[in-house]
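**Q** Listed below, chain by chain, are the residues.
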Amino acid sequence: MIEWSHFSDTFIGTVSDVLPIVTIIFGFQFAVLRKPVTNLPKVILGFMYVILGLSLFLIGLEMALFPLGETMAVQLTAPEFLQQFRISTSSLDSWKDYYWVYCFAFCIGFSTTVAEPSLIAVAMKANQVSGGSISVNGLRIAVALGVAIGISLGSYRIVVGDPIHYYIIVGYVIVVIQTFYAPKMIVPLAYDSGGVTTSTVTVPLVAALGLGLASTVPGRNPMIDGFGLIAFASLFPIISVMAYAQITRWLNRRSTTEDSENAL
Amino acid sequence: MEAITALVKAFLGSLRDLMPIIVVIAFFQLVVLQEPLPNLLSIVFGLLLVVSGLTLFIFGLEMGLFPIGESMAQAFARKGSLFWLMVFAFCLGFGTTVAEPALTAVADEAAEVAAEGGMIEHSAESMEEYANGLRYTVALSVGFAIMLGVLRILKGWSIQYMIIGGYIGVVVLTVFAPDSIIGVAYDSGGVTTSTITVPLVTALGVGLASAIKGRNPMIDGFGLIAFASLLPMMFVMIYGMVIA
Chain Z
0 MIEWSHFSDT
10 FIGTVSDVLP
20 IVTIIFGFQF
30 AVLRKPVTNL
40 PKVILGFMYV
50 ILGLSLFLIG
60 LEMALFPLGE
70 TMAVQLTAPE
80 FLQQFRISTS
90 SLDSWKDYYW
100 VYCFAFCIGF
110 STTVAEPSLI
120 AVAMKANQVS
130 GGSISVNGLR
140 IAVALGVAIG
150 ISLGSYRIVV
160 GDPIHYYIIV
170 GYVIVVIQTF
180 YAPKMIVPLA
190 YDSGGVTTST
200 VTVPLVAALG
210 LGLASTVPGR
220 NPMIDGFGLI
230 AFASLFPIIS
240 VMAYAQITRW
250 LNRRSTTEDS
260 ENAL
Chain A
0 MEAITALVKA
10 FLGSLRDLMP
20 IIVVIAFFQL
30 VVLQEPLPNL
40 LSIVFGLLLV
50 VSGLTLFIFG
60 LEMGLFPIGE
70 SMAQAFARKG
80 SLFWLMVFAF
90 CLGFGTTVAE
100 PALTAVADEA
110 AEVAAEGGMI
120 EHSAESMEEY
130 ANGLRYTVAL
140 SVGFAIMLGV
150 LRILKGWSIQ
160 YMIIGGYIGV
170 VVLTVFAPDS
180 IIGVAYDSGG
190 VTTSTITVPL
200 VTALGVGLAS
210 AIKGRNPMID
220 GFGLIAFASL
230 LPMMFVMIYG
240 MVIA
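Chains as they are written, first to last, in numbering that gives the first Met the number 0: chain Z, 0 to 263; chain A, 0 to 243.
Since the hints were made in silico from the structure, they are not lab data. It is possible that some hints are incorrect.
Taking lysine-lysine and the PhoX-like style, the derived pairs with C-alpha atoms no more than 25 Å apart in a straight line are [what the hints assert, rightly or not]:
#1 A:Lys8 <-> Z:Lys41
#2 Z:Lys34 <-> A:Lys212
#3 A:Lys212 <-> Z:Lys183
#4 A:Lys212 <-> A:Lys154
#5 A:Lys212 <-> A:Lys78
#6 A:Lys154 <-> Z:Lys183
#7 A:Lys8 <-> Z:Lys34
#8 A:Lys78 <-> A:Lys8
One-sided and incomplete, this derived list gives chain Z residues near chain A with beta-carbon spacing under 10 Å [said to hold, decoys possible]:
#9 Lys34
#10 Leu67
#11 Pro78
#12 Gln82
#13 Gly137
#14 Phe179
#15 Leu228
Away from chain A, derived, C-beta distances all over 10 Å, residues of chain Z [to be verified]:
#16 Ser4
#17 Gly52
#18 Ala114
#19 Leu152
#20 Tyr155
#21 Ile168
#22 Val195
#23 Arg248
#24 Thr255
Ideal Cβ positions, reconstructed from N, Cα and C, are used throughout, including at glycine.
Full structure from sequences and hints, please.
**A** Here it is, written out as structure tokens:
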């Protein structure tokens, strides 16, 4: 069921990913800092766990989810499927006919982000640093919603064919405005969450969706229009995480004012 | 016994993390596309691997990546050598990015786009040269980004103005960069940060901010990844302008 060579290939791939990191860390540790690592056996065991875990994770994804998700992205954007579910009456394909694509983009963006290992890592750290006031799952859901909205909007852009920079620039303007109103504590974390969302799980599925969409929609060039979904997926979490913090603060304020009113 | 309960708990937690993907894929396959699930056995086995992999990864994160990132940050802060800390930050950014498989894939695709768009010759040689150039550009930019981010933590500069300045830079460059590079450039910000780099860099930032007096780990510790995803966008557009 699982080929040994496939496992060893993925394992070697992960090891060669980690190798430069390990070289840099231990090189600096011994040559510059000149200090033994505290608890070295435990750290080495931890690295082994990370490598083994990541390899298993990738192999499992490639076995169970990626083939299915990728064919799905292709099938949902295929002309026959769109023909079957069309709602517009005109002969021209309207952007509304792609509603299942937007829906799929939203769902897949959300669900893959929730499972993204690097986001889990950042959320754990943020929870620890904030003394528990930022909840691990709250942050993850806020980021995942941002990615979901970003990818569905990105798919809409591919369908209508607008230039990408207008969307990104408007996104930047929103981020800048929010920065001045959001709680100070959340701003750096929100900026970071843009970069952590897109790695192991999200990128392959999203790339398949973008390419499938750009090759189906008439007049799109997959080589040029297929790019850009990842950019959407890294911009919108910034907005959603700041919005999450703003909403939480607003709710807290409202409940405290209500409390004080009740006390009167 | 306690260890086993912890393991089972972690395992169930990972399973819960994966539930949304399973539900989405099953729903679209069965309800929307109305097709059966192929190779159910291999799917179930694959999911088991994913869940155990995620569990192991999180265990290893707390045992290996987080502690070493933080202890190195503290050791550098005690040593007090700005030069070596900068060298370390640059190496960490450059070294982890240059070999990143996602980046290699994007660079190869970008070379094809450029060849089709007539920016470079349509030959294997010039395309490889272009892809490699792009890869080193992105790796250099991530190296500088981590360096800049660490410098910001040390000096306590506020992140907003730096990021907003970066956004303005991106917008201005967009106007001048050739069209075919823009999509690639915007995407390159997202693909640079791998699953192993992110926890390490986060631990480094938070560790530095907690080791230095007067820095708040929440406000100053985060933000390194933000730089690592913003700078590559600008560098790639500049690369496109230089090549064209």
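**Q** Each hint: holds or not?
**A** To see whether the hints hold, each was checked on the structure:
Our distance criterion of 25 Å between C-alpha atoms is met by A:Lys8 and Z:Lys41, whose separation comes to about 21 Å. Taking the CA atoms of Z:Lys34 and A:Lys212, the gap is about 23 Å. The hint holds against a cut of 25 Å. At most 25 Å may separate the alpha-carbon atoms for a hinted pair to count; A:Lys212 and Z:Lys183 meet this at roughly 19 Å. The hinted pair formed by A:Lys212 and A:Lys154 meets the criterion: a straight-line CA distance of about 11 Å does not exceed 25 Å.
For the hint linking A:Lys212 to A:Lys78, the alpha-carbon distance of about 15 Å falls within 25 Å, and the restraint holds. With a C-alpha separation of about 18 Å, the suggested pairing of A:Lys154 with Z:Lys183 holds against the 25 Å cut-off. A threshold of 25 Å between alpha carbons decides the hint, and for A:Lys8 with Z:Lys34 the separation of about 36 Å lies outside it, so the pair is violated. Straight-line distance between C-alpha atoms of A:Lys78 and A:Lys8 comes to about 40 Å, which puts the hinted pair past the 25 Å bound.
Taking 10 Å as the C-beta contact cut-off toward chain A, the hint placing Z:Lys34 at the interface holds, the least distance being around 6 Å. At its closest, the beta carbon of Z:Leu67 sits 6 Å from a beta carbon of chain A; the interface hint therefore holds under the 10 Å criterion. With a cut of 10 Å, the hint placing Z:Pro78 at the interface with chain A is violated, because the nearest CB-to-CB distance is about 15 Å. Look at Z:Gln82: its Cβ only gets to about 14 Å from chain A, farther than 10 Å, so that hint breaks.
Of the supplied interface hints, the one on Z:Gly137 is violated, with its beta-carbon coming no nearer than about 14 Å to a beta-carbon of chain A, more than 10 Å. This hint holds: Z:Phe179 has a C-beta 8 Å from the nearest C-beta of chain A, less than the 10 Å allowed. The criterion of a C-beta within 10 Å of any C-beta in chain A is met by Z:Leu228, whose closest approach is roughly 8 Å, and the hint holds. Once the 10 Å rule is applied to beta carbons, Z:Ser4 is consistent with being away from chain A; the minimum gap is 16 Å.
Non-interface status of Z:Gly52 relative to chain A is broken: a Cβ of that chain comes within 10 Å, the nearest being about 3 Å off. Separation of Z:Ala114 from chain A is inadequate, the least Cβ-Cβ distance of about 5 Å not exceeding the 10 Å criterion. Every Cβ of chain A is farther than 10 Å from the Cβ of Z:Leu152; the closest lies at roughly 14 Å, confirming the non-interface assignment. Z:Tyr155, annotated as away from the interface, keeps every beta carbon of chain A farther than 10 Å; the closest lies near 16 Å.
Not every Cβ of chain A is farther than 10 Å from the Cβ of Z:Ile168; the closest lies at roughly 6 Å, contradicting the non-interface assignment. The beta carbon of Z:Val195 sits about 5 Å from the closest Cβ of chain A, which is not more than 10 Å, so the claim that it is off the interface is violated. At roughly 15 Å from the closest C-beta of chain A, the C-beta of Z:Arg248 stays outside 10 Å, upholding its exclusion from the interface. Interface exclusion of Z:Thr255 from chain A stands, the closest Cβ pair being 22 Å apart, more than 10 Å.
Consistency with the previously given hints fails for numbers 7, 8, 11, 12, 13, 17, 18, 21 and 22, ordered from lowest to highest.
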